[in-house]
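> Protein chains in written order, with my numbering: chain A, 2 to 149; chain B, 24 to 915.
Calculated from the structure, these hints are not laboratory results. Fair warning: there could be bad hints in the mix.
[Unchecked claim] Cβ-Cβ distance ranges computed for the label pairs, FRET-style:
#, chain 1, residue 1, chain 2, residue 2, range
1, B, Leu-688, A, Pro-71, 39 to 45 Å
2, B, Phe-717, A, Arg-83, 42 to 48 Å
3, A, Arg-83, B, Glu-849, 46 to 52 Å
4, A, Val-124, B, Glu-724, 18 to 24 Å
5, A, Asn-114, B, Glu-790, 31 to 37 Å
6, A, Arg-83, B, Phe-691, 27 to 33 Å
[Said to hold, decoys possible] Here are the simulated lysine-lysine pairs, BS3-like style, with alpha carbons at most 27 Å apart:
#, chain 1, residue 1, chain 2, residue 2
7, A, Lys-26, B, Lys-344
8, B, Lys-437, B, Lys-449
9, A, Lys-69, B, Lys-738
10, B, Lys-751, A, Lys-100
11, A, Lys-100, B, Lys-738
12, B, Lys-449, B, Lys-126
13, A, Lys-51, A, Lys-100
14, B, Lys-751, A, Lys-69
15, B, Lys-344, B, Lys-310
All figures in this text were calculated on a predicted structure; none of them were measured in a lab. The beta-carbon is built from N, C-alpha and C at its ideal position, and this holds for glycine as well.
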Amino acid sequence: MTGKSILLVEDNPDDEALTIRALRKAHVSNEIVVARDGAEALDYLFAKGKYQGRDLAMQPQIVLLDLKLPKIDGLQVLERIRADKRTELIPVVILTTSKEEKDLIGSYRLGANSYVAKPVDFVEFTEAVKSLGMYWLLINERPPFIGS
Amino acid sequence: MMTKTEDLFWINETAEVRLKFLADASQLLSSSLDYETTLSNIARLSVPVCADWCAIDMFEDDSRIRRLSVVHSDSKKTTLGFDLFERYPPRSTDTHGLALVLKTGAPQFYPDIPDELLVSTATDEEHLAIIRSLGMKSAIVMPMKVQNKVLGAITFVFAESDRRYRPQDLDFVYDLASRAALAIENSRLFTEARKAVISEKHSVAVLNTLLMSAPVAFAYLDINLRYVQVNDAFEKLIAKYRDQIIGTQFGAHFTQEVQRLELNLKDVIDKHEPILNIPVNGISPAKPGEMRHSLASFFPVISDNDAIGIGILIYDITEQKLLEQKIREQARINEKLYEVGSALTAELNLDRIVQTVTDAATELSGAQFGAFFYNVLKEDGQAYTLYCISGVPRENFSKFPMPRNTRIFAPTFKGERIVRLDDVTKDPNFGHNAPYHGMPAGHLPVRSYMAAPVISRTGEVLGGLFFGHEEPGIFTESAEKLVAGLAPQAAIAIDNARLFEAANVSRARLQSQLNFTDALTNSLGEGICAFDSERKVNFVNPAMTRLLGWSHSEMMGRELTDVFNIEGNDGATSLPSPKVWEAVHHQKRMMEGENIFIRKDGSSFPASYLAVPFMENQRVKGVVVTIRDITETRRIQDELQRSREELEQRVVERTVNLTAANQELEAFSYSVSHDLRSPLRSIDGFSQALLEDFADKLDAEGQDSLQRIRAASQKMGRIIDDLLNLSKLTRAQMRTERIHISEMAQKILEELRSSDQNRQVQVIVQENLLAVGDSSLLRIALENLLSNAWKFTGKQENARIVFGAERIQGEKVFFVQDNGAGFNMEYGSKLFGAFQRLHQAHEFSGTGIGLATVRRIIHRHGGRIWAEGEVGRGAKFSFTLPTMNTDKEIVR
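Start from the sequences, fold in the hints, and give me the full structure.
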């Protein structure tokens with residue numbers, strides 16, 4: 002596993018803790034950057050705000066994106082990621098409590114790579130995150146970075 | 024035409040007058056042996072009492088006709104009578120008048136002399152002109168006959184007095200002619216005898232020869248009235264030989280008349296007066312039982328002024344009498360036929376016609392009773408038989424059925440011929456037909472039988488006349504002739520009556536049709552008005568006058584364009600435009616449209632019109648226009664339009680509200696989905712973290728508590744999921760399609776089986792069931808029902824689940840049936856409520872939302888769902904899925 006980071010966009014601290022716990026249990030050792038709302042996530046990705054000056058060449062290996070977020074919601078974040086040449090190829094996995102069809106469809110339409118509904122059962126959640134990590138961090142071949 | 028009663032010759036003449044005339048005539052005839060003078064006197068006596076013209080003609084031995092006498096009150100005409108006879112003597116080829124009488128010996132009777140007779144009589148134009156000028160109206164030519172030898176004829180003619188001879192007048196003329204004939208014969212015999220006496224030498228021989236061989240019975244009595252000599256004819260008359268007669272008393276051979284005749288004969292001897300033509304009637308001695316009629320004449324035989332005996336001449340006139348009777352009978356029949364004929368001609372009432380005919384025929388035929396069975400056509404064209412009875416009360420026949428086409432009746436009903444039987448019971452055709460084999464019990468006894476068909480001009484058998492008498496041999500040939508004469512008259516009368524009735528019925532129908540049409544057009548709210556081909560009004564109903572404000576009389580005859588004033592007349596579709604007229608009147612099309620019509624007072628109203636051609640015999644005779652005031656219709660249409668708009672507005676509003684409500688609900692669900700589940704996930708997640716990270720610090724009880732916390736959170740998570748699903752069902756758009764519901768059930772059951780392979784469940788799915796609905800929703804419903812069945816049969820050893828459909832009151836009903844735990848029907852109403860459970864959680868797991876979900880899905884399909892069950896004996900869930908053609912969703 003390389004040193005590439007994982008961007009976890011999650012406003013709920015409990016979910017943040019549980020997600021990180023699940024990732025770690027799945028032996029994912031990458032750096033996990035947590036953004037607690039959509040705006041922060043975008044600041045990170047585009048090196049703005051408190052992330053001013055961050056090296057844009059070092060983009061996360063994957064973005065785990067919750068949908069229900071303060072300020073800018075998950076789908077808007079996804080839209081911005083896909084709209085920008087610098088970020089359009091970053092795999093985005095929606096990781097959300099919602100099982101709503103419109104969220105699911107909306108996510109895929111906007112270019113989400115995967116959609117995971119967080120189950121209440123933590124054991125199941127761990128299993129889901131594990132398989133997610135296996136695919137996106139180990140199996141999937143990332144396209145070469147083409148941002149400026 | 025003359026009326027029957029007033030112009031008949033004898034109608035005002037009493038029998039006395041007639042007898043007086045006959046007595047006078049007899050007096051004349053017996054007063055002299057000079058018959059030529061006598062007959063001339065008879066002719067004179069006849070005018071004008073019996074005739075306007077009277078002619079007496081003698082037929083000579085050489086077949087010549089000699090005119091003896093012509094009498095007319097005008098002496099010039101008397102001369103004309105002789106002249107005509109001279110110039111245009113009768114020809115042997117004539118088929119009328121004297122020549123025919125001479126040829127046939129039969130009287131000629133012309134009740135009315137038609138012009139054709141004159142034309143056929145006339146030899147040339149002049150002759151015709153003369154006989155036409157005579158103005159002859161009615162005539163009788165009566166032969167004067169003795170022993171079938173025609174001696175001459177008496178001719179009676181009515182002309183100027185415009186009278187007519189009736190059939191019964193023939194009797195009288197016949198009587199007169201017979202007496203005249205005898206007078207002629209007597210006179211001839213007497214003359215012959217006298218001639219013989221004069222010739223002394225031959226007298227005896229001549230007398231003998233004459234007398235002995237004469238066809239007339241002759242006898243000579245001495246003054247004691249004993250037979251001295253009789254001739255052959257006399258022998259024959261009394262059927263005895265000459266030697267049995269001679270020497271006997273005159274009366275010995277004539278029982279009844281003897282006394283009276285003897286007295287008279289003494290007068291003949293004493294007073295030397297002959298007695299001429301005494302009628303003598305009696306049973307024939309020659310043929311016992313046969314009635315003979317004779318005329319006897321007694322002459323005094325005088326020698327030297329003393330009577331030395333009596334000569335008797337007896338003419339057998341039986342044949343004449345019979346003929347006379349026949350003539351009388353025929354005359355009576357003629358008269359009756361004439362009477363009935365006149366009655367029938369004037370009668371158009373069918374019932375009265377048949378009654379008249381039946382009565383007349385029964386009376387004249389001598390029947391005890393008669394009946395007329397006749398067919399009547401009902402209005403609908405069906406025929407049925409009526410009858411009329413004469414001679415006996417109707418009740419005697421009312422209990423019997425109509426006569427059928429039996430062997431006896433067949434010739435009548437088939438219209439073949441008249442049947443006349445002296446004894447019907449002896450007829451070979453009698454008694455062959457079931458059920459009566461003869462007459463039904465209680466029928467009046469019939470021996471003499473006669474029946475005649477009554478046949479229409481068209482050949483149709485209208486019915487039959489039937490006559491009966493309990494004595495055999497009643498119906499004579501002349502009765503048959505009478506009936507034969509009556510039947511065609513009756514047929515014609517019935518034909519006429521039928522025509523008349525048919526005409527009446529058509530007229531009545533037409534009238535009632537007219538009344539109906541009148542009532543209809545008067546009561547209609549639509550204005551109706553008809554135009555002739557000149558575009559002039561020729562009919563208008565009250566509604567039209569009301570609508571247009573013109574009076575009836577103002578409208579009649581008015582021109583189309585004057586009657587209908589149209590606002591904004593655009594010429595193409597407006598009623599009075601030439602285009603509309605052209606289309607309807609010339610092209611026979613029906614035109615309709617709507618115009619604003621202007622009334623007489625200038626006000627206006629909207630109306631729809633309909634113009635149709637009025638056809639008669641496939642030709643356009645005019646145009647009928649109907650107009651209907653549509654003010655009210657328009658108002659209603661406007662109102663309808665307004666309320667439709669209002670409704671649409673309301674629908675839009677409601678849709679907006681509903682959309683808003685729906686969006687709210689969606690937001691709510693979304694937040695539930697996130698915000699309720701997140702804490703649960705934390706509870707579960709961190710409980711697990713505790714268990715993992717601090718297992719060594721927690722005892723078994725602590726670990727168990729954490730497990731319970733986890734279980735509870737997970738369950739709540741499932742409840743939330745189910746609730747969300749339920750609310751999704753309500754909102755999700757439906758896509759209806761045809762679904763192979765049997766396959767769907769089969770797949771679900773296979774999934775259940777594979778997820779729970781330990782169980783042995785008998786699954787029965789009825790094949791090839793189709794339904795129309797949203798396949799994903801129906802799948803959820805079926806999943807719920809089948810997994811319920813799967814679940815509740817979990818404790819059943821021989822578990823069985825059935826999916827199928829049945830037809831209940833014509834409706835297709837699907838069902839899922841199991842033999843599982845079942846339920847108490849008392850709580851059945853709670854089955855379909857959300858979170859309602861009939862089983863405790865430890866018995867059967869579940870969230871209590873499944874059936875609520877199923878019910879919602881079925882309801883969204885417009886169907887119904889219900890359950891039947893019994894604790895421990897299984898449950899049956901039934902539902903319907905009406906075929907939906909359109910998506911009923913309004914929202915979204």
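> Decide, hint by hint, whether the structure agrees.
Outcome of the hint check:
1. Leu-688(B) to Pro-71(A): 39 to 45 Å: Between Leu-688(B) and Pro-71(A), where Cβ atoms are some 23 Å apart, the hint is violated.
2. Phe-717(B) to Arg-83(A): 42 to 48 Å: holds (43 Å)
3. Arg-83(A) to Glu-849(B): 46 to 52 Å: violated (60 Å)
4. Val-124(A) to Glu-724(B): 18 to 24 Å: 22 Å Cβ-Cβ, so the 18 to 24 Å window holds.
5. Asn-114(A) to Glu-790(B): 31 to 37 Å: Check failed, 44 Å falls outside 31 to 37 Å.
6. Arg-83(A) to Phe-691(B): 27 to 33 Å: Distance hint for Arg-83(A), Phe-691(B) holds at roughly 30 Å.
7. Lys-26(A) to Lys-344(B): Given that 27 Å is the threshold and the Cα spacing comes to 160 Å, the pair is violated.
8. Lys-437(B) to Lys-449(B): Answer holds: Lys-437(B) to Lys-449(B) is near 22 Å, not above 27 Å.
9. Lys-69(A) to Lys-738(B): holds (23 Å)
10. Lys-751(B) to Lys-100(A): holds (11 Å)
11. Lys-100(A) to Lys-738(B): holds (17 Å)
12. Lys-449(B) to Lys-126(B): violated (43 Å)
13. Lys-51(A) to Lys-100(A): At roughly 33 Å apart (the allowed maximum being 27 Å), Lys-100(A) and Lys-51(A) break the hint.
14. Lys-751(B) to Lys-69(A): With Cα atoms ~19 Å apart, Lys-751(B) and Lys-69(A) stay inside 27 Å; holds.
15. Lys-344(B) to Lys-310(B): holds (17 Å)
Checked against the numbered hints listed earlier, the structure breaks hints 1, 3, 5, 7, 12, 13; every other hint is satisfied.
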